[in-house]
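**Student:** The lines below spell out each chain.
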Amino acid sequence: MSEELLDATGPAAPPRQNGELVFAAPWERRVFGLTMALVERGAFEYAAFQKHLIAEIGAWEASHPAEERWSYYRCWARALESLLADQRAVSLDELRARVEVLEQRPHGHDHG
Amino acid sequence: MIEHDNSDLATRVEALEALLLEKDLIDAKTVDQIIEHYETNVGPLNGAKVVARAWVDPAYKKRLLKNATKAAAELGFGGPQGEHLVAVENTPEVHNVVVCTLCSCYPWPVLGLPPNWYKSPEYRSRVVREPRKVLSEMGLELSEQVEVRVWDSSSEVRYLVLPERPAGTESLGEEELAALVSRDSMIGVAKPGQGSSP
Chain A
1 MSEELLDATG PAAPPRQNGE LVFAAPWERR VFGLTMALVE RGAFEYAAFQ KHLIAEIGAW
61 EASHPAEERW SYYRCWARAL ESLLADQRAV SLDELRARVE VLEQRPHGHD HG
Chain B
113 MIEHDNSDLA TRVEALEALL LEKDLIDAKT VDQIIEHYET NVGPLNGAKV VARAWVDPAY
173 KKRLLKNATK AAAELGFGGP QGEHLVAVEN TPEVHNVVVC TLCSCYPWPV LGLPPNWYKS
233 PEYRSRVVRE PRKVLSEMGL ELSEQVEVRV WDSSSEVRYL VLPERPAGTE SLGEEELAAL
293 VSRDSMIGVA KPGQGSSP
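So the sequence lines, in the order shown, correspond to chains A and B. Under the numbering used here, think of the first position of the first sequence as 1, with each following residue one higher. Under the numbering used here, think of the first position of the second sequence as 113, with each following residue one higher.
Extracted from the complex, chain B is given alone in its bound form (with noise of 0.2 Å):
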């Protein structure tokens, strides 16, 4: 959505980057492939793919539940936002959701850059007081028998949450379980599959 004050920001951030350039502190092609990297290689096609290896292997499960980091780094994904990564699984009995109350941090290697909602002073301040009410808004009916657990990401830890393997998908292969694996599954503000027919 475009904001009226847009333009001032906009003259604001072209200023600072003229200025950066003219210090030699960055240099132009470098910030094009930075962000052509995030919009293009990084995001939860990534994260689908950890999930997919952990409900086929459960060693490799093991090792997530143990060190994500070191367990997403043996799929060829890392980089900043994704040192401290730790994955919380869902059972039948508990439900993770995943927020930052105090701003965005996020696990990128594994997500890529947060959806709008994520960053929002709502969900960030109401998924913490009233977790059930928010999931359900967002489409996601908890028995009151699920224990729902919410975890704030910080500087220091980030979470990516291992949804429970949908029931009959015993068939499907890697790459067919990757492809029900949303973004939202491993935030845990839906589960997988939600919307889509296998």
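Chain A on its own, in the form it takes in the complex (with noise of 0.2 Å):
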């Protein structure tokens, strides 16, 4: 019974109606999301986007670190990450600072 109630792929399966998660994390929703905000401004063109993301995953195929599993949105993010630097709209160096600026929160900071 509960395998039919699981089913997720049937014509029964919205609200997802991609038949699974879309996203498996709450950042690959918001990295997706922020992608396609940037593009609906005209920031940049999608196929400007994709050009990045084909060499981001080219790049993981043809070396990455051993204990590194594949993910798509990891290679999303970096080609995000990557045309914005091009564009000079936000530095790797700007991000890594801002990196730092967050890892500093108190473990299990909340938004309160």
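Calculated directly from the structure, the hints in this document are not laboratory data. No residue lacks a Cβ here, since even glycine has one placed at the ideal position from N, Cα and C. A hint or two may mislead.
Distance ranges between label pairs, derived from CB positions [claimed, not checked]:
#: 1; chain 1: A; residue 1: 82; chain 2: B; residue 2: 238; range: 24 to 34 Å
#: 2; chain 1: A; residue 1: 105; chain 2: B; residue 2: 195; range: 36 to 46 Å
#: 3; chain 1: B; residue 1: 244; chain 2: A; residue 2: 41; range: 38 to 48 Å
#: 4; chain 1: B; residue 1: 269; chain 2: A; residue 2: 64; range: 28 to 38 Å
#: 5; chain 1: B; residue 1: 213; chain 2: A; residue 2: 93; range: 26 to 36 Å
#: 6; chain 1: A; residue 1: 105; chain 2: B; residue 2: 201; range: 54 to 64 Å
#: 7; chain 1: A; residue 1: 93; chain 2: B; residue 2: 259; range: 45 to 55 Å
#: 8; chain 1: B; residue 1: 245; chain 2: A; residue 2: 58; range: 18 to 28 Å
Put the complex together from the two separate chains, hints included.
**Tutor:** Printed below as a string of structure tokens:
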């Protein structure tokens, strides 16, 4: 019975109409949303982003740390970072500095 | 599947979003709306409606095979990644299957965002080399007589497979037919109605 209830590929699979969760983690949906918002705003064409995505995927497939498992959205995030750096919109130094600030937060921080 | 280095990535994306907000390159509400749109409105039910219409309306099918972007727009489906949509028709002699070897090109307006297996290095490299074997592993056995055509999507062209209408569905209406059309059958890794009974 539970198998039937958990069937995620049938026509009755909404609200996720893809028949599976589209995003495996909150940061994946976020980085997708950021990218498409930038496209919608005209910051860049999707085709320009795609060139970076193809390059990141190709680079990962050519070589990657042995312990690093495949993650499509890791490639996606790296593609967005490198495109924004190329465009001088957000530099990698700037990004690294902000990451360091965020990492200083006490463990288990919340937004309250 | 959550990986151990996910928290690194989560922090990087959070940092990127904060910088983009400060630079006024995005606003948070638009980002939320876009994500919600892709999670709830855009999905393979759209493509299923296109396929079902083509099954019941020969004139529509002709238009779909001639210009799928226009035919999808007739039913109200269009937008990013749907600009150069091409429908490829399965017949008793030919089976079509779609891949994007370089990244993840996929017709979003009719199929939504691609499933994880479609983006995996394994599917992307293997389905070109040994399509029959990959399809068989995914549960689709094809007779040796059937020619398998593999279509490589690109930024120029996105493919949609028009599956064969299952036998014995003559009495079904368009909506019931659409319910038989799975996402996987429109990528070409399954047949409509596979695993379900009408």
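**Student:** It remains to establish, for every hint, whether it holds in the given structure.
**Tutor:** Results for each hint:
no., hint, verdict
1, A:82 with B:238: 24 to 34 Å, "28 Å, holds"
2, A:105 with B:195: 36 to 46 Å, "42 Å, holds"
3, B:244 with A:41: 38 to 48 Å, "45 Å, holds"
4, B:269 with A:64: 28 to 38 Å, "29 Å, holds"
5, B:213 with A:93: 26 to 36 Å, "34 Å, holds"
6, A:105 with B:201: 54 to 64 Å, "55 Å, holds"
7, A:93 with B:259: 45 to 55 Å, "54 Å, holds"
8, B:245 with A:58: 18 to 28 Å, "24 Å, holds"
Checked against the numbered hints given earlier, this structure breaks none of them.
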